[in-house]
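Asks: Sequence:
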Amino acid sequence: MSHPVPPSARKRRSGPLEAAPLLLFLAAFPLILLLFHGTATSAFAAVLQLVLLALALRLIHRGQQVEEDWFQNRTARPPRLPRKTIGSALIGLTLLLLAGHHFATLWLPLGFGLLGMALSLAAFGRDPLRGSTAVQDRARRAQIEAALGRVEAVLKQQVDKAASLGDAEIAGRAEGLRITVMALLRALSEDPAEAKRLRRPVARFLDLFAAENDRLHAAWETEDRAKARLRYLARIAALGEAFEDRARETGLAQGRDAFEIEADLLWTRMYRHRAA
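Numbering-wise (our numbering), the sequence shown opens with residue 54 and increments by one.
Just so you know, these hints were derived from the structure itself, not from any lab.
Treat the hints loosely; a few may be bogus.
[Said to hold, decoys possible] Beta-carbon label-pair distances, calculated as ranges:
(1) Glu198 / Lys280: 38 to 44 Å
(2) Leu172 / Ala195: 39 to 45 Å
(3) Arg193 / Ala171: 33 to 39 Å
(4) Glu121 / Ala206: 21 to 27 Å
[To be verified] Here are the simulated BS3-like cross-link-like pairs (lysine-lysine), alpha carbons at most 27 Å apart as the crow flies:
(5) Lys280 / Lys214
(6) Lys209 / Lys280
(7) Lys209 / Lys249
Even for Gly, the Cβ is constructed at its ideal location relative to N, Cα and C.
Can you build the whole structure from these sequences, using the hints too?
Replies: Written as structure tokens, this is what we have:
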């Protein structure tokens, strides 16, 4: 796994290794002589080899720049195209073509090509194919926090809607339910797997909470206000208990300790009763 290198290492890398591709190309200068003193076939082969070498060195140079940017920006996603690896493979292919017409079999040219590729990888390093674990964890944490923020915004909207009726008990129960749900979500979202498992239950809970608010508002100015009020208080209490049960099941399924889960539930009940 590739890890971000310290600034001192990045500074050393940006020195001689950036000039190395240019030096490698200058080392291939004798190939240019074949354009003037060789046959047409050797001239074509020289042009092909020079093009392959120039492309390889360009890919390696660009791969170094992309890797440096990735280390400095510390983004979660590594470079998509392994430029340095492809460039090293092209260097190996160039050596294979250079040595190919000097030997009766392909074994030695193939060995030279593999050796050239290995030396290139040793000199310039491999492309980072996997992102930093710490960076990926921070990215997942940011996604979870954003999702929790959206859920809390919807819950606050529903609490405000319940409080708009002017009934202190209804407003307190709705606020207590919001506190309970958000406390449980934050406790269970420490594990990204648990957060993913709760996605559908949370969506269902929000739909049911909104439906209960709509039903209460529809009956508030009618003769069924008292009955609707009692039904609303009972329904949201049941919603809170059902969500606690689902949270308990989710935590146990993920291997959390049963005592830890019950402590979380007790803590959220204290918040809910205090708000109510």
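Asks: If a hint holds in the structure, say so; if it doesn't, say that too.
Replies: Hint check:
no.: 1; hint: Glu198 / Lys280: 38 to 44 Å; verdict: 41 Å, holds
no.: 2; hint: Leu172 / Ala195: 39 to 45 Å; verdict: 41 Å, holds
no.: 3; hint: Arg193 / Ala171: 33 to 39 Å; verdict: 36 Å, holds
no.: 4; hint: Glu121 / Ala206: 21 to 27 Å; verdict: 39 Å, violated
no.: 5; hint: Lys280 / Lys214; verdict: 19 Å, holds
no.: 6; hint: Lys209 / Lys280; verdict: 25 Å, holds
no.: 7; hint: Lys209 / Lys249; verdict: 22 Å, holds
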